[in-house]
Structure formats: C-alpha cells, structure tokens
Amino acid sequence: MTTAAKTLPRESRPADVREGGAGFDLEKVRRDFPILRQRVHGRTLVYLDNAATSQKPQVVIDAISRYYERDNANIHRGVHFLSEHATEEFEGARRTVQSFLNAADASEIIFVRGATEAINLVAQTYGRTNVHAGDEVLITAMEHHSNIVPWQILCEEKGARLRVAPISDSGELLLEDVENLLGPRTKIVAVTHVSNALGTITLVQRIIEMAHRGNIPVLVDGAQAVPHLKVDVQALGCDFYVFSGHKLYGPTGVGVLYGKSALLDAMPPYQGGGDMISSVTFEKTIYNKLPYKFEAGTPHVAGAIGLGAAIDYVNGLGMDNIAAHEHELLAYATETVSAIPGIRLIGTAREKASVLSFLLDSIHPHDIGTILDQEGIAIRTGHHCAQPVMQRFGIAATARGSFALYNTREEVDALVEGIQKVREVFA
Amino acid sequence: MPDLRELYQEVILEHSKAPRNYRELATANHMAEGYNPLCGDHFTVYLDLEGDSIRDISFQGSGCAISKASASLMTQSVKGKTRAEAARLFDQFHKLVTGQSPANGNRAELGKLAVFSGVSEFPVRVKCATLAWHTLHASLEEKQSTVSTE
Chain A
5 MTTAAKTLPR ESRPADVREG GAGFDLEKVR RDFPILRQRV HGRTLVYLDN
55 AATSQKPQVV IDAISRYYER DNANIHRGVH FLSEHATEEF EGARRTVQSF
105 LNAADASEII FVRGATEAIN LVAQTYGRTN VHAGDEVLIT AMEHHSNIVP
155 WQILCEEKGA RLRVAPISDS GELLLEDVEN LLGPRTKIVA VTHVSNALGT
205 ITLVQRIIEM AHRGNIPVLV DGAQAVPHLK VDVQALGCDF YVFSGHKLYG
255 PTGVGVLYGK SALLDAMPPY QGGGDMISSV TFEKTIYNKL PYKFEAGTPH
305 VAGAIGLGAA IDYVNGLGMD NIAAHEHELL AYATETVSAI PGIRLIGTAR
355 EKASVLSFLL DSIHPHDIGT ILDQEGIAIR TGHHCAQPVM QRFGIAATAR
405 GSFALYNTRE EVDALVEGIQ KVREVFA
Chain B
2 MPDLRELYQE VILEHSKAPR NYRELATANH MAEGYNPLCG DHFTVYLDLE
52 GDSIRDISFQ GSGCAISKAS ASLMTQSVKG KTRAEAARLF DQFHKLVTGQ
102 SPANGNRAEL GKLAVFSGVS EFPVRVKCAT LAWHTLHASL EEKQSTVSTE
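Protein chains in written order, with the working numbering: chain A, 5 to 431; chain B, 2 to 151.
The shape of chain A in the complex, shown without the other chains (with noise of 0.2 Å):
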C-alpha cells in the first residue's frame, strides 16, 4: 500500500503520467487542457476541484471561438447564409446531445441556462401544472441546493408537502424508505444520479421503476454523473435528466433538459417570448412545436455549439475508459488519503463517482484549503450546495477532491503530500 510517507517530493518525480491504464494517452490528453500547464503560487496547477466546474479543452474553446469568428447569426429565423449556418451548428450540436444521452428523439432536448434552469422549468411546468394542495414531491436527503429549493418554492405556492428520503450513514439511500415514501400524493420524484457532496451513485434505475409502478414520473439530476458515467435515458426509463454544460468541459452558461415527448407536450410553456411561439396576436399566441416550446429568446448558442464539442471530444476518448481510469483513480486516493492519520471521509458508498470528501482532525476545511491553494492544488471546501448533508453528518462542512478524465495518480500524491503539510502546520 502506498502510504503518504513514502511518496516522493512532487517536483523530483518523472512526468510519467501514462500509468493506470487509462485506455487513453493521458499525457496527451492533459497538453488538449491549456490550463492545466499553468502555474499556481509557483507549483503546478493540480485542479481537483472538478466537481464545481471541469477545464476546457482546445477542441472547445476553438469551437466557441470559431462561431463568434466565422458563424455568428441569429437563428431559425433568418434567411442569409450565416443565419443558415448558425442555425445547422446549433441543431447539429441538439443531435449530439441527443445521441449522448440516447434520446429518442432531438425534439426532447431543450436547451437551457444550465441543471438549475431545468429543474425549475420542470417544477414551475409540470409541477405548477400537476401538484396540488395536499399532494407530495419526493426528493432525497443528498440533494445538492439546486434539487431542494425549486420543490421548496413549488410546495409553498401549492400547499403541497416536500417528502425526503433518508441516507445511510455511508451516504446510500436505503430503497425501502424510497418505497415506503412513494404514495398515492406523490406526484413528481427527484433525485440525483451521483452526489456532489458525497460522490454516491444513487440507484436511479431502481426509484424510477418503483415510482413508475405508481404511475409518478421521475426527474434525474445529472450533473454529477454525464462527466463520469455512460447515461442512456432510455434504458433508465426516467421522465426528465437535467445536466449542465461546464461540468461537461463544455462552457457555462448552456446545460440540458431530456423530457419524454408526451410529458414536454402536455407541459405549458416556462418562459414566453421569441421563438417559442408559432403565431402571436393579442387574442391568442399559438406555441411553438418542441423544443422550441421551451426555448424562449435567443439561446445561448455559442454555449450550444461549445457543448457539442465536448460531448465530441470525451466520445472521441469514450466513457467507458474515462469512467475506468476515473474509477481506478478514486480508488487510489481513497486508499492514500484514507491512510492518513486523522482523515475521515464523508461518504463512503460501495458505488462511487470522482468525488473524495473528508475532514482531518478538527481543523476547518477552510484552513486546509488555502493551504493546498499554497501548493498550487484546487479543492472546494465549505457545504458544497448541499446543506441538509452536512447536516445529516452533523458538520459544517467538508474539504473535497473532485477527479476528471485529465487527472492523475500524481496529483492524487500531491494531494496526499498537501494534506501532510497541512497537518504540519497545525501540529
């Protein structure tokens, strides 16, 4: 087992980055990350902090660039050769999103702002539609902010109750009390596909089909998983999966809604406005067909195209080798880091996804985190969104390392070295 003791200084090691098998040059892979070969307080930027936001690669900056350089028009409406183009990119990159998730159909994936846009537009849609006084919304206990406070708003206005089930104290739900909480009121289930906060991988598959013997529909926050895990939202069956471009190495500012057709349908329209009608007169607007029911204004189109790009890029590399090496990844820092005296961890499910919470004796997150910031490595520390899990673990919060597909065992070592500085500094 490799302890913290015996690594080596981080500097003195070779730059032999190719181990672990990847199933991907990961050498070359990290040059496609311009900010990676950055410096960070004179050390080398070791970014961990990928569950807040992943680095972008060339392939998507060169493709934000090339839009505003070359492409930029107003779309579906305009009839110029720049309009035409626009408009190809932007529903090109629906098509890419589309088969990444293996929607059946383009139609179904709404451009957004990002996984928060979307689940407020499903609360404020088909919630205000659909819950009523008396009726429930069954969330979980490991919701991140984003997940919790929609359904919050959503309850108040309609008098309806907010039902959350519980979490182990290894951070799993436990199915039963899903079960047990699943009822004639339920009228929407939400729940996350991989916990920020904790890394767990929910048993999605399983709620939906629970909730789906009750007739409820199942909305699944992704935006923890589509940078880890393969999703086929067909095969899980589920009603809404809702992620966010930049967790993607995609930009800010654009994510995605996936609705079944006949749910988006039936759903008024969120936002009114440009675009999403198909005749306006001051008796009546007709609504556009779908998607663009939902897409209201002119849309982040850059963010769109950027998107597809990424979604491009990490199928060119494949999820099943990034989750591999990701996977192989977290083991070895939960065993490194787990190996230092004072450590514990915040979750600790069997069924993990790149996240590495914990806590070193009694000191704060906080300090441990400007003094990694000292070592050039980027970690989160505070609640991370995710209040009610602190305090389901009676903390205030944690410190946390987050891995994408450009990470390596070395920085987990320069991680672990990190850490020991930081117990030095509070010996």
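Since the hints were derived computationally from the structure, they do not count as laboratory data. Hints may contain errors.
Claimed, not checked - Below, computed lysine to any residue pairings styled on SDA-like, alpha-carbon distance capped at 20 Å: (1) B:Lys18 to A:Gln424; (2) B:Lys18 to A:Ile367; (3) A:Lys191 to A:Pro272; (4) B:Lys80 to B:Gly62; (5) B:Lys18 to A:Glu428.
As the list claims (entries may be wrong) - Simulated restraints on C-beta separations: (6) B:Glu25 to A:Leu178: 33 to 41 Å; (7) A:Asn134 to B:Asp4: 55 to 63 Å; (8) B:Gly52 to A:Leu178: 53 to 61 Å; (9) B:Glu25 to A:His149: 28 to 36 Å.
Where is the CB? At the ideal position from N, CA and C, for every residue including glycine.
Following the hints, position chain B against chain A.
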C-alpha cells in the same frame, strides 16, 4: 508569494485550539450572532455592557482557525474598553487585514491583534478574520437579526 506562516502564526494557531473567553456569559445584557453563509462559520458574541464600557465579553460557535482565533483575541482586546474604543480598534483591525494599514503605522494600538497582518495577503480570508468583529459591532448596536458576511 504569500507566506503560510505569516497567515497561520503561532499565536493564531494557539488561540484557535484553545480559544479564550469561550463560553456563554451569564451576565450578558447584549448578544448577537454572526454567520458566514459561504463556509458555515457561526459565532455568538455575548456582552456585559455597563453604561458605555464593556465589562465582560465572551463568544461561542464554530469556524476556521482564523475566525476562531480572531474572535478569541478580540474578546481579550476589547474587554474593559468603551464602545468608542472598541469601534476604533475594529476600524484599525479592518485596515490591517485588508492591507490598508501602513506597515510602520500605529500598530502598537492593535497589540496582539497585529498577528493578523498576514490575512491581507489572503483576500478570501478577510471575512473569516472580521466575522467576530462584525458580530461585536452588531451586538453593540443591538441589532436583532443575525449579521452575515454576505
């Protein structure tokens, strides 16, 4: 490059591990809560004000080493001081941690609080260092609501 040892000085580490005046104050006639929603730091400051002067002060709560040590040293620094003196000390402390205090200026008045000078090199930690002070200010002003750094 900012120096970690400048930030985590021995006095700061020592106060964070063994904070002074860390208790509820039975004789308190003023109190306020301070909260940093970004990191979850949360302190209550208890004051025993006699007329215009701080007869006793204590605090409780949880936070990082910087915020806890700052609260601890603050209670030591303002005990026995008048409101105006405490306000003036806060002003000087604030200038110190935000780098607006001249290096050779009148730091003598700050006394032990000068150990927080390293904070000015770590802008994101200024809120940690000032949370207890903002809370003290609120408690002197008798504001009812929880003060927040945001």
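Which of the numbered hints above does this structure break?
-> Going through the list in order, the structure violates no hint and respects every one.
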